[in-house]
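Q: What follows is each chain in one-letter form.
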Amino acid sequence: MQPETTNRKLMWWGVNAIVLLYAFVPVLWIVSLSLKDDATLNDGNYIPTSPSNDSYTAIFNNPDFLRALMNSIGICIIATLIAIAFGTMAAYAIARLDFPGKRTIVAMALLVSMFPQIALVTPLFKIETAIGLFDTWPGLIIPYIAFALPLAIYTLSAFFREIPWDLEKAAKMDGATPYQAFRRVITPLAMPGIFTTAILVFISCWNDFLFALSLTSTSNARTVPAAMSYFTGATTFEKPTGPIAAAAVVITIPIVIFVLVFQRRIVAGLTSGAVKG
Amino acid sequence: MTATPTAAAAEAAEDRMDDGTTEIARQRHTDAKRAERKLGLMLVGPAVFIMLAVAAYPIIYAFWLSLNKADLRQPDANEFIWFDNYVTVLSSPIWWTAFGVTMLITIVGATLELILGMLLAIVMHRTIVGRGLVRTSALVPYAIVTVVAAFSWRFAWTQGLGWLAPENSAPLTEFWPSIGIIILAEVWKTVPFMALLLMAGLALVPEDLLKAASMDGANAWKRFWMVTVPLIKPAILVALLFRTLDAFRVFDNIFILTSGSNQTSSVSMVAYSNLIRGLNLGIGSAMSVLIFITTGIIAFAFIKFFGAAAPGSDAEGKR
Amino acid sequence: MAEIVLDHVVKRYPDGALAVDDFNLEIADGEFIILVGPSGCGKSTTLNMVAGLEDITAGKLIIDGQVVNDKAPKDRDIAMVFQSYALYPHMTVGDNMGFPLRLAGMDKATIRKKVEQAAEMLELTQHLDRKPANLSGGQRQRVAMGRAIVRSPKAFLMDEPLSNLDAKLRVQMRTQISRIQKNLGTTTLYVTHDQTEAMTLGDRVVVMRSGVVQQVGSPAHLYAHPANLFVAGFIGSPSMNFFPGRLRPDGVVTALGEAKLPDQIRQALDGSTAEREVIVGIRPEHFEEASLVGDKPGATFDAPIDIVEAMGSDVYAYFTMKGDQARSKDLEDLAKDTGNDLHSGGVEVTARLDAAANVQRGRTARLWYDTSKIQVFDGASGKNLVTTD
Ligand SMILES: Nc1ncnc2c1ncn2[C@@H]1O[C@H](COP(=O)(O)OP(=O)(O)O)[C@@H](O)[C@H]1O
Ligand SMILES: [Mg+2]
Numbered sequence: 001m002q003p004e005t006t007n008r009k010l011m012w013w014g015v016n017a018i019v020l021l022y023a024f025v026p027v028l029w030i031v032s033l034s035l036k037d038d039a040t041l042n043d044g045n046y047i048p049t050s051p052s053n054d055s056y057t058a059i060f061n062n063p064d065f066l067r068a069l070m071n072s073i074g075i076c077i078i079a080t081l082i083a084i085a086f087g088t089m090a091a092y093a094i095a096r097l098d099f100p101g102k103r104t105i106v107a108m109a110l111l112v113s114m115f116p117q118i119a120l121v122t123p124l125f126k127i128e129t130a131i132g133l134f135d136t137w138p139g140l141i142i143p144y145i146a147f148a149l150p151l152a153i154y155t156l157s158a159f160f161r162e163i164p165w166d167l168e169k170a171a172k173m174d175g176a177t178p179y180q181a182f183r184r185v186i187t188p189l190a191m192p193g194i195f196t197t198a199i200l201v202f203i204s205c206w207n208d209f210l211f212a213l214s215l216t217s218t219s220n221a222r223t224v225p226a227a228m229s230y231f232t233g234a235t236t237f238e239k240p241t242g243p244i245a246a247a248a249v250v251i252t253i254p255i256v257i258f259v260l261v262f263q264r265r266i267v268a269g270l271t272s273g274a275v276k277g
Numbered sequence: 001m002t003a004t005p006t007a008a009a010a011e012a013a014e015d016r017m018d019d020g021t022t023e024i025a026r027q028r029h030t031d032a033k034r035a036e037r038k039l040g041l042m043l044v045g046p047a048v049f050i051m052l053a054v055a056a057y058p059i060i061y062a063f064w065l066s067l068n069k070a071d072l073r074q075p076d077a078n079e080f081i082w083f084d085n086y087v088t089v090l091s092s093p094i095w096w097t098a099f100g101v102t103m104l105i106t107i108v109g110a111t112l113e114l115i116l117g118m119l120l121a122i123v124m125h126r127t128i129v130g131r132g133l134v135r136t137s138a139l140v141p142y143a144i145v146t147v148v149a150a151f152s153w154r155f156a157w158t159q160g161l162g163w164l165a166p167e168n169s170a171p172l173t174e175f176w177p178s179i180g181i182i183i184l185a186e187v188w189k190t191v192p193f194m195a196l197l198l199m200a201g202l203a204l205v206p207e208d209l210l211k212a213a214s215m216d217g218a219n220a221w222k223r224f225w226m227v228t229v230p231l232i233k234p235a236i237l238v239a240l241l242f243r244t245l246d247a248f249r250v251f252d253n254i255f256i257l258t259s260g261s262n263q264t265s266s267v268s269m270v271a272y273s274n275l276i277r278g279l280n281l282g283i284g285s286a287m288s289v290l291i292f293i294t295t296g297i298i299a300f301a302f303i304k305f306f307g308a309a310a311p312g313s314d315a316e317g318k319r
Numbered sequence: 001m002a003e004i005v006l007d008h009v010v011k012r013y014p015d016g017a018l019a020v021d022d023f024n025l026e027i028a029d030g031e032f033i034i035l036v037g038p039s040g041c042g043k044s045t046t047l048n049m050v051a052g053l054e055d056i057t058a059g060k061l062i063i064d065g066q067v068v069n070d071k072a073p074k075d076r077d078i079a080m081v082f083q084s085y086a087l088y089p090h091m092t093v094g095d096n097m098g099f100p101l102r103l104a105g106m107d108k109a110t111i112r113k114k115v116e117q118a119a120e121m122l123e124l125t126q127h128l129d130r131k132p133a134n135l136s137g138g139q140r141q142r143v144a145m146g147r148a149i150v151r152s153p154k155a156f157l158m159d160e161p162l163s164n165l166d167a168k169l170r171v172q173m174r175t176q177i178s179r180i181q182k183n184l185g186t187t188t189l190y191v192t193h194d195q196t197e198a199m200t201l202g203d204r205v206v207v208m209r210s211g212v213v214q215q216v217g218s219p220a221h222l223y224a225h226p227a228n229l230f231v232a233g234f235i236g237s238p239s240m241n242f243f244p245g246r247l248r249p250d251g252v253v254t255a256l257g258e259a260k261l262p263d264q265i266r267q268a269l270d271g272s273t274a275e276r277e278v279i280v281g282i283r284p285e286h287f288e289e290a291s292l293v294g295d296k297p298g299a300t301f302d303a304p305i306d307i308v309e310a311m312g313s314d315v316y317a318y319f320t321m322k323g324d325q326a327r328s329k330d331l332e333d334l335a336k337d338t339g340n341d342l343h344s345g346g347v348e349v350t351a352r353l354d355a356a357a358n359v360q361r362g363r364t365a366r367l368w369y370d371t372s373k374i375q376v377f378d379g380a381s382g383k384n385l386v387t388t389d
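In order, the protein sequence lines correspond to chains A, Y and Z. Start counting the first sequence at 1; every next residue gets the next number (the UniProt record's numbering). Start counting the second sequence at 1; every next residue gets the next number (the UniProt record's numbering). Start counting the third sequence at 1; every next residue gets the next number (the UniProt record's numbering).
None of these hints come from the bench; they were simulated from the model. A hint or two may mislead.
[Claimed, not checked] Dumping the calculated DSS-like pairs for lysine-lysine here, alpha-carbon to alpha-carbon at most 27 Å: (1) Lys260/Z / Lys383/Z; (2) Lys33/Y / Lys154/Z; (3) Lys69/Y / Lys102/A; (4) Lys211/Y / Lys9/A; (5) Lys38/Y / Lys383/Z; (6) Lys126/A / Lys69/Y; (7) Lys102/A / Lys71/Z; (8) Lys60/Z / Lys38/Y; (9) Lys38/Y / Lys102/A; (10) Lys33/Y / Lys383/Z; (11) Lys304/Y / Lys102/A; (12) Lys33/Y / Lys71/Z.
[What the hints assert, rightly or not] Listed next, the stretches of chain Y that the computed footprint assigns to chain A, with coverage defined by at least 3 CB atoms under 8 Å from CB atoms of chain A: (13) 55-64; (14) 108-114; (15) 151-158; (16) 246-259.
Every residue gets a Cβ at the ideal spot worked out from N, C-alpha and C, and that includes glycine.
Use the sequences and the hints to build the structure in full.
A: What follows is the structure, given as C-alpha cells:
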C-alpha cells in the first residue's frame with residue numbers, strides 16, 4: 001500500500017508541474033525580458049544572463065507611463081466601487097424581491113454580458129465626443145461599469161441566494177423595513193461575496209483594451225494596456241521591448257497578488273454565478 | 001328582479017363591503033408587497049439605467065449610423081443610404097476573410113479550450129497533492145491582462161528576440177503560423193476559466209455515484225463518459241457558450257500579435273480599422289451590427305439546440 | 001397581548017396551489033394554540049399569513065379587533081421563532097436579541113436592560129458577547145426565543161422551533177417553552193408536525209390536513225374523541241389500530257372476533273343501527289394481556305405475537321390478524337406521511353401491554369381490549385360515528 005500511494009503522489013506532482021509550467025512560462029518570459037539589459041536583449045535566452053533594472057528605470061521616468069498607471073488604478077478602482085454598489089443593489093433585488101420587470105432585467109444583463117464591445121465603440125465614441133466625455137476618466141469608467149454590471153449581478157445574486165430566506169423573514173418580524181433588512185442583515189452577510197465580486201470586476205476592468213484604445217486619444221485617460229501598445233510606435237524609445245515588458249510586469253503584479261491571496265474566493269466567485277442554474 | 005347582471009354584481013359588491021372583505025379583495029397589494037416592489041425598483045434602477053445608457057441606446061444609434069454614409073473624411077457628404085453599407089460590407093472579400101478567420105479561431109479555439117479545460121479541471125479536482133498550488137497557478141493566465149500575455153507571445157516568436165522564434169523565419173509574418181499563435185494565445189489565457197467552470201460541475205457529481213459505477217464494473221474511461229459527462233453537461237454547455245461568444249469577439253490578441261497583417265484580422269479588428277483608422281463610421285457601424293447579430297445567432301443556437309441554461313435564469317428563489 | 005381571529009382565511013399560491021382552505025379559528029388572549037399536521041399540510045403557510053410574511057388570498061385576519069390583512073409584519077407587533085432559528089450570524093447574542101428593539105429606536109440603556117432580563121430568564125447571560133456560530137443547538141434555540149421575548153410582542157409565532165434539536169433536549173425545551181409562555185401569558189401560535197409536542201404543550205390543538213382544519217380541541221379531547229379517521233390515526237403514539245368491521249345490532253365483528261358494544265357507544269350509534277361496514281379503531285394502550293385484566297368488561301382474542309419490545313415501563317407486542325386491511329382516503333394519507341405504505345396480507349396490530357404481561361415472540365397470547373374505548377368510523381367518509389363533536 002505504501003509504495004503505491006507514494007507513486008501516485010509522484011505522478012500527481014508530475015502533473016502539477018506541467019500545470020505550473022503551463023501557467024508560468026509566458027509570464028516568466030516577460031519578466032525575463034524586462035530584466036534583460038540592452039546588450040543581451042536580443043540573445044533569445046529564456047533566462048537573462050546579466051539582469052538589470054534599466055527598463056524599469058526607463059518606464060518610471062516616463063511621465064506617460066506614470067500617468068497611464070495612475071489612470072489604470074484610478075479608473076478601475078472607481079469603476080469597481082460603483083459597479084459593486086449598483087450591482088449589489090440590483091442583485092439583491094433580483095435574488096430576493098418581487099417586483100415587476102424582473103425577468104426583463106435579468107435578460108438584459110445577460111444580453112449585455114454577451115455584447116460584442118466593438119459594436120459600441122463608434123456610438124460611444126460619437127456620444128462621448130458630443131458630450132465632452134471623450135478622453136476623460138468618466139468616459140472610460142461608465143462603459144466599464146456597464147460591462148462589469150452583468151458579472152457583478154450574476155455573481156452576487158448567486159451569493160445572495162445562498163443566504164437563508166429565514167434571515168430576511170426574521171428581520172421583517174423584528175420590525176425591519178425591506179430596506180433595513182437589506183442594509184443591516186443581508187449586506188453584512190454578503191460581504192465576502194461582495195468582496196470576491198469586487199476582485200473579479202477589478203480584474204475585468206484592468207484587462208480592458210478595446211475601450212481604452214478607442215475612447216482615449218491622449219495620456220489624459222489612457223490606461224496602461226492601451227499606453228503599452230503605443231510604446232511600440234513611439235519614437236521616444238529606441239527599443240521598446242524592454243520598457244513594454246517592464247510595464248507589463250508592473251501591471252501584472254497587483255493581479256498576481258490578488259490571485260495568490262484570494263485564490264479560494266476567486267474560484268468560488270467564478271464558479272458560483274455560472275453553473276448552479 | 002329586472003336588474004342587469006352588472007347592477008346585480010354591484011349590489012353584491014355593496015353587500016360584501018359591509019364586512020370589509022371587498023376592501024381587502026380590491027386592495028390586492030398589501031403594505032408589505034408595495035414596500036417590496038418599491039424597494040426592488042429603486043435598487044435595480046441605477047444598474048438598469050447604466051446598462052441602457054451604455055449598451056441599449058448606443059446599439060440603436062449604431063444601427064442608425066450603419067444606414068448612413070457617415071464617413072468622417074467627408075463629413076458634408078453624409079446622407080441616408082439605407083442598406084448600402086451592408087451591401088458594401090457583405091460583398092467585400094476583406095469582411096469575409098475576417099469572418100472566416102474569426103470562425104476558425106472561434107471553433108478551433110473553443111474545441112481546444114474544452115479539451116484542455118476538461119483535463120485541467122480533472123487535475124484540479126482530483127489531484128491529491130498541492131491542490132491549492134495548482135488552483136492558484138491556474139488562475140494566473142485568467143487574471144493576467146490579455147495585452148500583457150499577447151506581448152509575451154509576440155516577443156517569444158519575434159525573430160532574434162524570442163526564445164521560441166525559429167532561426168530563419170518570422171512566424172508572425174505568415175498567415176498560418178500567425179493564426180496558430182493567435183489561437184495559442186487565446187487558448188492559453190482562457191483554458192483556466194473553462195477549467196474552473198467545469199470543475200464546479202465536477203464538484204456536483206456525487207462521489208457515491210462514481211463508486212457505485214465502479215462497483216458495477218465501469219472503468220475510469222467509462223465512468224467519465226457514462227456518468228460524469230452526462231451529469232456535467234449543463235456546465236459544459238454554459239462554459240462553451242460563454243467561450244464561443246468571447247472567442248468571436250477576439251481583438252486584443254490579434255491587435256498586439258499581428259495588427260491584422262497578412263489577412264489575420266478578425267471581424268472586430270476590421271470593424272475597428274474602419275471606425276477608428278478609416279473613420280468610416282457607416283461601414284464600421286454596419287460591421288458592428290453584423291457582429292452583434294452573429295453573436296445573437298450563436299447564443300440563440302446554443303440555447304435552442306443545446307438547451308444551455310442561461311445563468312441566473314432561475315432568479316426566482318423559492319421562499 | 002392579543003386575541004387573534006382567522007376568519008375564512010384562504011391561501012392560494014401564485015402557482016395555483018391551494019395551501020390553506022377556509023381556515024377559521026378564534027384564539028383567545030393568552031392562549032397557547034398548536035397547529036399540527038403532516039408536513040406540507042399548510043401549517044407554515046397559516047403561520048406566515050398571521051405573521052404577514054405571506055399575503056392572504058381571501059378571508060380576514062383580525063388581531064385585537066382590527067383587520068390586519070394588509071399590514072406589513074413590522075406593523076403587526078408579533079414575534080416569530082423559526083425552525084432554523086434564523087439568528088443573524090454577524091451579530092453577537094446580545095445584538096441578536098436587541099435587534100428588534102434597536103429597529104424600534106429604543107435607547108441603548110433600555111435595550112441593555114431588556115436584553116439582560118431576557119438573557120437571565122433563558123440562562124444566556126454569560127453568552128451575550130458570543131456569536132451564534134459558537135453556540136450549541138440548544139443555546140441557539142434559546143437566543144431565538146430571547147429575540148422574540150425582549151420586545152414583549154402581542155403574540156408569539158413559532159414554526160417547529162424544536163425540530164432541529166435532539167430528542168432529549170427537545171423534551172427539556174418543551175417544558176421551558178411551556179413555562180415561559182405561562183409566565184408571560186402571551187398568546188402563542190405554535191406549529192409542529194410532532195403530535196407528542198402538540199399533546200403536551202397546547203391549551204388547544206388544531207389538526208390540519210391538506211390545507212383543511214380537521215378538528216380543534218384540547219389534547220385530551222382529541223385523544224378521546226377524534227372527529228375522524230385522520231385525527232384518530234394522527235394523534236397518539238404508537239398510533240391507533242384500524243380494523244374493517246361489520247356493525248350488527250348487538251355488536252361489531254372484526255378480525256379480532258365479535259365484540260359487544262357497551263351501552264354508551266350503542267346509544268351514540270343509535271339511528272344507524274342498520275347492519276353496515278365500518279372501521280373500528282382501537283388504541284394500542286387499550287389492549288392488555290387477558291390474565292392481567294380480571295373481569296373488566298371487554299373482549300378477548302388469541303394473538304399470534306410476532307415481535308415483542310420491552311420498553312421497561314411497558315411492553316409493545318406486534319402481531320398480524322388475518323383479514324383485510326382497513327382502507328380509506330384518510331388512512332392512505334397517514335400512511336403516506338409516515339412512509340409506511342408496505343402492505344402485508346392481514347391487519348398489523350400494535351398493542352401496548354403492562355410490563356408484567358407474559359407475551360413471547362412466536363407464541364400465541366390471549367389478549368383483551370377495552371370495548372368502552374373503541375372508536376367506530378364510517379368507512380366511506382371517515383367520520384367518527386361515536387363522537388358527536
Ligand atoms: N412559495 C410557495 N409557492 C407555492 N407553493 C407553496 C409555497 N410554499 C408552500 N407551498 C405549498 O403549500 C403547501 C403547504 O406548505 P407549508 O405551509 O409549508 O406546509 P407545512 O408547514 O405544513 O409543512 C405545500 O403543498 C407546499 O408545497
Ligand atoms: Mg413548515
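Q: Would you mind marking each hint as holding or not holding in the structure?
A: Structure-based check of all given hints:
At roughly 21 Å between alpha-carbon atoms, Lys260/Z and Lys383/Z fall within 27 Å of each other, so this suggested pair holds. At roughly 23 Å between alpha-carbon atoms, Lys33/Y and Lys154/Z fall within 27 Å of each other, so this suggested pair holds. Distance hint between Lys69/Y and Lys102/A is unfulfilled; the C-alpha atoms sit about 39 Å from each other, more than 27 Å. Taken as a hint, the Lys211/Y and Lys9/A pair is honoured in the structure, with Cα atoms around 21 Å apart against an allowance of 27 Å.
This hinted pair does not check out: Lys38/Y and Lys383/Z have alpha carbons roughly 49 Å apart, beyond 27 Å. Between Lys126/A and Lys69/Y the CA atoms are separated by roughly 15 Å; this keeps the pair inside 27 Å, and the hint holds. Proximity of Lys102/A to Lys71/Z is assessed by CA-CA distance (about 24 Å); at most 27 Å being required, the pair is judged to hold. Restraint check for Lys60/Z and Lys38/Y: satisfied, since their Cα atoms lie roughly 25 Å apart, inside the 27 Å limit.
At most 27 Å may separate the alpha-carbon atoms for a hinted pair to count; Lys38/Y and Lys102/A meet this at roughly 13 Å. Between the alpha carbons of Lys33/Y and Lys383/Z the distance comes to roughly 41 Å, so the proposed pair goes past 27 Å and is violated. Proximity of Lys304/Y to Lys102/A is assessed by CA-CA distance (about 22 Å); at most 27 Å being required, the pair is judged to hold. Between the alpha carbons of Lys33/Y and Lys71/Z the distance comes to roughly 10 Å, so the proposed pair stays at or under 27 Å and holds.
Here the region 55-64 of chain Y counts 7 residues with a CB under 8 Å from a CB of chain A, which clears the bar of 3, and the coverage holds. Note: the region 108-114 of chain Y has 0 residues with beta-carbon separation from chain A under 8 Å; the three-residue rule is not met and the coverage is violated. Check result for the region 151-158 of chain Y against chain A: holds, 5 residues qualifying (beta carbon to beta carbon below 8 Å, three or more required). Residues of the region 246-259 of chain Y lying with their CB closer than 8 Å to a CB of chain A number 6, which satisfies the three-residue condition for coverage.
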